[in-house]
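When you get a sec, could you build the whole thing from the sequences and use the hints?
There are 2 protein chains.
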Amino acid sequence: MSYLNNIDHPALSGSLNPPVPADDITNFSPGPTSLPKAVEEMIAAGFGKPGLTSLALSHRSPEFLEIFNHAVASVRKVMNIPENYEVLFTHGGGHGQFAAVPLNLCHEASDVATYVVNGTWSQRGADEGKRYCRVQTIDARDTKTGAYNSFPELTEETIDPDSKYVYLCSNETVNGIELHRLPKLPEARKHIPLVVDASSDFSTKPIDWIDSGIGVLFACASKNIGHPGVTVTVIRKDLLGKDKASPLCPGVFNYTTNSEAGNLWNTPATFNIEVIGHMMDWIAAEGGIDEIERRSIAKAKAIYDVIDGSEGFYDSPVTDKTFRSRMNVPFRIAGGDEELTNRFLIQSWDNGLIGLRTLTPFGIGEYLRASLYTGVALEGAEKLAAFMRDFARENS
Amino acid sequence: MSYLNNIDHPALSGSLNPPVPADDITNFSPGPTSLPKAVEEMIAAGFGKPGLTSLALSHRSPEFLEIFNHAVASVRKVMNIPENYEVLFTHGGGHGQFAAVPLNLCHEASDVATYVVNGTWSQRGADEGKRYCRVQTIDARDTKTGAYNSFPELTEETIDPDSKYVYLCSNETVNGIELHRLPKLPEARKHIPLVVDASSDFSTKPIDWIDSGIGVLFACASKNIGHPGVTVTVIRKDLLGKDKASPLCPGVFNYTTNSEAGNLWNTPATFNIEVIGHMMDWIAAEGGIDEIERRSIAKAKAIYDVIDGSEGFYDSPVTDKTFRSRMNVPFRIAGGDEELTNRFLIQSWDNGLIGLRTLTPFGIGEYLRASLYTGVALEGAEKLAAFMRDFARENS
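Which chain is which? The protein sequence lines are W and B, in order. To convert, count from 1 in the first sequence and add 18; that's my numbering. To convert, count from 1 in the second sequence and add 18; that's my numbering.
It should be emphasised that the hints constitute simulated quantities derived from the structure, not laboratory data. Treat each hint with caution, since some may be false.
Treat identical chains as interchangeable: a pair holds within one or across any two.
Derived lysine-lysine pairs resembling BS3-like cross-links, with alpha carbons at most 25 angstroms apart [to be verified]:
no., residue 1, residue 2
1, Lys-55, Lys-67
2, Lys-255, Lys-162
3, Lys-260, Lys-148
4, Lys-339, Lys-162
As structure tokens, this is what we get:
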């Protein structure tokens, strides 16, 4: 890992500003990351139009309420969210929801909640949950390697029937593990609402809300649906109600309080919400969620085909291919060879392929990571695949 | 109040889109509201430059860290914040801080905190505080009228010496009451940190951090320093520490956790922070906080001179002139006459003077309100003053 300390070259310090025209950049950052170019143009156009931008609109003005209602309706339509679910734009990112979920669904600290832990973010969710309820975990760690590389089966035996909810993260960005479809709880546990942290895969595949038994699903905006500062939180309405939340729940996190106030209990992140509306409009215009999923599959396949066909030059930590993430593809070069990894980072950056190494405090050792969120076009992923193929040929 | 239900004319429904060129609009909304035109131009220019906008930058990239560090340094410089204070960009708006303050400063629910309640927002702060500590209030309500129209003296008798903090709101937007300088706690209470909700007056006047005994000061961005989705929170460093916060404090609200993580414990609202940096740069270029205060005084004087010189045609609910807010000037027309008020709203809107009536759930009866945040130029306030003078002459 010592190449992490070599910051002589901007590519190695995580720079996102390579010496190529903006149109030639593909941003593989794990988030925040680029929006589709068409959406960036919609935003820029907003700054050129007459009247006030949403940066300047009171959240109670009819002009902003139109933007707001449009964003809610678009999220509902694109994600096919049934009427018995409330859609809120919430504060505090995914981490805010790590606290909000137990504070809303557990009235007492003695209440039990079951967390499936199979990576960095579900672990963080469980850790935060422990402040507010009795957390029971289903730990998916590989007992031999100590790594997370799969998703466990959910059985009657592993889920306490008194659980207020079963919590999972549908895409683990650091570990590269994704549930391409949500699991079903065993028949005898179907009464328990499912809570899903979909921060990094929301709007990239269909969700069957009713059949999956979703109680709460949240997604911070900064991966696939916008930029940081707002989170989409979807709550089944029967979980709302005056005295359901813990009395310790901050008002700003209280689903019922915010729902009853029309999501205007306090000032929402107005502009950030407008951008979500633009993203949803763009998805709808491109052919909807099925088309986004088709592209997501194609993008991930482009990169994984190179890894799997490289005769070990590249390798993936995700041994269970069923759960390989389409959103985040971690890969290692020549077993983590420092010099080759540096060379790869510098050459790819010079070619406008950026964000493959971000200096997070999490990391998984020598692995790089290609994040293929909706803002990454298929052509961008193919460009990276071609670069990887060439690089392997030249350096094997 | 029945004219509130007359929404036939867009001006009466709170529209911010009058039929005049954008350059002729002055936005008197109580927030969110317009930024100075020069700052709006800085933002728009960002969308035209090569490379990625901050909407697309990873919060861990050197490019964003430069924006971030610049914003922190600019807030420090403009507001003259001493080194023994930490500056954080926090989530959840002012309402988030209503919970964060007691959760960080009161380790136990039995801890005492003193709240000065002299308007809508200090009341909300106190209500939220009650979840996490024993709140004692100094209620400034006028016992005869039931209205808030002043600020009480702070005495030894009214402040419990064991208080973990004394809380106040330095500008009450709904009631139009402002502390032009922060009060000093009585000598025997100087050991208690002062907590200030400066959401609506931050960066419009100097703050003497040490001498005022400030422990925590917070300001949501959407009035004077940016747009909603981020809050500036300034904390005296001796109040930070591993086990100081309540164990019930959500990580996202924990000052110590966020400070130790370089304010990157979770993804901050990147673009919203960049805008704060632009605002601070603009303030510095215009002559700093003293110049902003000079303009604030002049803007408020322009409006109050018309009110006070109108022989009762206009009147103000703030009977104690010492505490008349420079930020928000509530005023009534002909004792609240419905028809004249409607006529005023429509004619002013037709002239590009907007945001004087927003349909909040708070309200103070028949009063309109001119909010004179930093985005309102002196010329805008003078335009409103001239309009008010003409309107009074024509309708007295």
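Verification of the hints:
no., hint, result
1, Lys-55 to Lys-67, "both (19 angstroms within a copy, 14 angstroms between copies)"
2, Lys-255 to Lys-162, "neither (42 angstroms within a copy, 44 angstroms between copies)"
3, Lys-260 to Lys-148, "both (23 angstroms within a copy, 18 angstroms between copies)"
4, Lys-339 to Lys-162, "within (18 angstroms within a copy, 74 angstroms between copies)"
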